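**Q** The listed protein sequences derive, respectively, from chains G and C. Take the first sequence: its position 362, counted from the start at 1, is 391 in this note's numbering, and no numbers get skipped. Take the second sequence: its position 241, counted from the start at 1, is 270 in this note's numbering, and no numbers get skipped.
Be aware that one or more of the hints could be misleading.
A pair counts as met if it fits within one copy or between any two copies, since identical chains are not told apart.
[Unchecked claim] In silico EDC-like pairs for lysine to aspartate or glutamate, Cα to Cα no more than 20 Å straight-line: (1) 368 x 219; (2) 155 x 46; (3) 272 x 224; (4) 280 x 164; (5) 269 x 51; (6) 272 x 282; (7) 242 x 347; (8) 269 x 224; (9) 541 x 136; (10) 155 x 265; (11) 155 x 51; (12) 362 x 79; (13) 155 x 50.
Everything labelled a hint here was simulated from the structure, so no lab data went into it. Keep in mind the model is a prediction, meaning the values are calculated, not measured.
There are 2 protein chains.
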Amino acid sequence: GSEERFSCKAWLKSVWEFCKEDTNRVTFSLKVGLAVLLVSLLILFRAPYEVFGTNIIWSILTVAIMFEYTVGATFNRGFNRALGSLLAGILAICVAQLALCTGRVAEPIIIGISIFFIGTITSFMKLWPSMVQYEYGFRVILFTYCLIIVTGYRVGNPMRTAMDRLYSIAIGGVVAVLVNVLVFPIWAGEQLHKELVNNFNSVADSLEECVGKYLKDDGSEHPEFSKTVTDEFPDEPAYKRCKTTLNSSAKLENLANSAKWEPPHGRFGHFFYPWSEYVKVGAVLRYCAYEVMALHGVLHSEIQAPYNLRITFQSEIEDATNQGAELLRSLGKDICNMKRSHKTSLIKRVHCSAERLQRAVAMHSYLLTSCSDLIPPPDTPSKPLLPKLTHTLSSTVYDVPSEPLASEFYSNSLAKSSNQLLQTQNTPPVQTESYHELMRKQSRRLHSWPSREVDAFQEEDGALNVDFLPRMRTFESTAALSLANFTSLLIEFVARLDHLVEAVDELSKLAKFKHEELHKEQV
Amino acid sequence: GSEERFSCKAWLKSVWEFCKEDTNRVTFSLKVGLAVLLVSLLILFRAPYEVFGTNIIWSILTVAIMFEYTVGATFNRGFNRALGSLLAGILAICVAQLALCTGRVAEPIIIGISIFFIGTITSFMKLWPSMVQYEYGFRVILFTYCLIIVTGYRVGNPMRTAMDRLYSIAIGGVVAVLVNVLVFPIWAGEQLHKELVNNFNSVADSLEECVGKYLKDDGSEHPEFSKTVTDEFPDEPAYKRCKTTLNSSAKLENLANSAKWEPPHGRFGHFFYPWSEYVKVGAVLRYCAYEVMALHGVLHSEIQAPYNLRITFQSEIEDATNQGAELLRSLGKDICNMKRSHKTSLIKRVHCSAERLQRAVAMHSYLLTSCSDLIPPPDTPSKPLLPKLTHTLSSTVYDVPSEPLASEFYSNSLAKSSNQLLQTQNTPPVQTESYHELMRKQSRRLHSWPSREVDAFQEEDGALNVDFLPRMRTFESTAALSLANFTSLLIEFVARLDHLVEAVDELSKLAKFKHEELHKEQV
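Same shape as in the complex, but just chain G:
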């Protein structure tokens, strides 16, 4: 009803886009239609109907329930259904024979009790963690058992009922499998292969997008944090794909489980293809993607380094990012083409750029500590400064009283002393002029959210103003360290790439990828 208000054309267009995005969707739909039609023909034509009778409707049910998107998943579900039906049939026949021997009065009692136990046991077993994947099989056991034993009791001859039903289920299963395999098969292995390659690209894209935004963002048009807390960043399409990559572990595992059921096909031509290795590579890739997420967290964190500081390391950060992304894409491309190539020069370049970034950060590290005028110069390190400093600090700031009683006094005195600290920190100009201008812009932003401070709140003693929650104060030095944080995460990302290269190498070995011509890279 309400959808008709939208223009019909727009709706059709979105359907068209949906189909074009993955034509397998249309293929799958048509295949289901075909499979159901084929089974229905068994009833619509007189000859097969007279052979099988009304039990043939079970084959329709089987097709409708068994037909899955990929070949492997259909095999898996078919296996569940077949084994479940078989077990249920055997059980039902045994119990029915047993009940028959006990006489007319005891028979329904025994049947009732057996139904109760089967229901309880199958339901309990499907909750067991390692059995969860066979959930469907347990459902099949339950209802097949009930159907066979109950109709056997009423119609008589449970053996006949069971066999007829098994026949028609088998027919439905065979039709479902044949249509799924022979008509434009959608292989889970192929999907898994594509999915993994896509994951490589989306992590690379997301890395570049995140770093690019970090270096471009001058803090002027930043959205409110409260709006972005829901993890929706509409202007970051790659981030969204990276997030799906992080959540793809279940999908990859599902596909790998399905792929294991599939016979060798197409490019994946040998038996025992290492599908589980794909899952492992995916795990290591996720391990790298965690760092991208952490970088993204810094990009959208409450505490931000000023823009000027960020662009100090622009070229190094960009270089490390580009090299890392290139390595990722090249690994993805190798998997995609099922080739095995030397990555030495690429790895080397990534390492060099990471080392350059490290060196740059090390050299300019004084920039990251903007309150350096407070602390003694670093060229007098032989003096045991630490204990002394800690001691003088503890007289004013340390020793938090653990009782809430004293907290008011404490926070007041602390706020005062911290204000003094902040003032002495901010007064002397540490950096050049342009840096200072940007710092002011930044500080306006920084001070926009700790507007309601702890003490201001305390004065409304007892009033029920839970709306106005106090905000944390942030020091400029912490803001500057946020950049150190960003570069550290980027370097850690590069360090983790080594493991990814190893994992991909292991995969290409086990999957027998072809070696690329060596001189191609060495020349």
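Following the hints, position chain C against chain G.
**A** Below, chain C alone, put in the same frame as chain G:
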């Protein structure tokens, strides 16, 4: 077979543990048994069987397929089944009447075509993203339609067939719902409530565990990274729970979706209880948990700050951690008890501890930059150092040649210059004696993995030694910055807690949690 080798006692014990962990599992299993038994009685007793006939077996199928763990999920699935059956029934009767009018020859053709179209359309629609949750409903439409129209064609009178089947499906549905609601109901809302509270506790636990380990770990008995890359940390139980928290978004959403179907019950006594608000709080909590994961990433990162440096800020880090964890637990407890209490003093203490940590890091920031002897002292900032430094650096290190041809020469010259840099960096003792000792211990660890360097590898020109992948070099300064990283993440975690407090407050308002006595906290 293979399971019987284990002692039967151990197996029984694990089953017992599994039941004790959540007694609802046993309840659920027994309820399924009961529901199936009740439906079977309709056939086992003569009277109802004579009324309904063999169609009654559909009610067994309905119970077996419809019975879900929670009340809400059962309602939801029942709705899917009921609406699906109804739609399929109406459609089937219409098409059957239409086909009947067209005569004996055209009838099966029209039926066949309609089956094909229903199969195609339902399969396509269930792939549509917003329809995925009704996947079961589409399956029901498909097989119900096929069954009704096909048996209608063979047996005649599709109206009668449809109605009989709808009756028995309705009976099965009613039995399933009644047993699920009346016999020890397992409410999705209750589960959701518990799950959210557990998430609060597991994030708090994980934070404490991670920080505790970071401060205790002196790098002596660190496991190999390659072994921990699979994300298995057997000695960190809280981390595992935190990871399930991160993956709990689907679970929370599922439970909230189910909970919306449930009538008011128990503690959740008013209509339109804000279940979706639970999901939102869960999202904000996950946003905090991301920081814990990032902290965990630093704990297990390749690049580690030396132990001595870490314990410099021990008391501040521990204090911030404890306060943050306490706030988390207190929020979780409030939700658990459905109470609303002032968190002002607690928030204040958290902020104070975070500020103390910031101040401590700012004061000791020179410790984080161990190669400070290379760079000019920070009290000459008016000079435009940056462009000059960048320029001198670029003559040796910059300008990466993009052609792989030049990479060998480049990497050699770079390695030499970087070695010189490293030597000059490492020679002068920057810190006190004990720090140096620990640094040596640390560097042994650091230099254990970049054992095979880029140049050593390059010499094996052309040899197919992909096993020996080069490793990235890490500078000590970067290692020290890893601590800055850790503290920044901790501070960011605290900053995000503000949003969590707000989200919980919003939930407690919408869910009408009771206010706690004010003087209890203010005293």
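**Q** It remains to establish, for every hint, whether it holds in the given structure.
**A** Hints and how they fare:
no.: 1; hint: 368 x 219; verdict: within (16 Å within a copy, 52 Å between copies)
no.: 2; hint: 155 x 46; verdict: between (39 Å within a copy, 16 Å between copies)
no.: 3; hint: 272 x 224; verdict: within (14 Å within a copy, 23 Å between copies)
no.: 4; hint: 280 x 164; verdict: both (17 Å within a copy, 17 Å between copies)
no.: 5; hint: 269 x 51; verdict: within (19 Å within a copy, 36 Å between copies)
no.: 6; hint: 272 x 282; verdict: both (17 Å within a copy, 17 Å between copies)
no.: 7; hint: 242 x 347; verdict: within (11 Å within a copy, 34 Å between copies)
no.: 8; hint: 269 x 224; verdict: within (15 Å within a copy, 26 Å between copies)
no.: 9; hint: 541 x 136; verdict: neither (61 Å within a copy, 56 Å between copies)
no.: 10; hint: 155 x 265; verdict: neither (41 Å within a copy, 28 Å between copies)
no.: 11; hint: 155 x 51; verdict: between (34 Å within a copy, 15 Å between copies)
no.: 12; hint: 362 x 79; verdict: neither (57 Å within a copy, 67 Å between copies)
no.: 13; hint: 155 x 50; verdict: between (36 Å within a copy, 16 Å between copies)
The earlier numbered hints that this structure contradicts are 9, 10 and 12.
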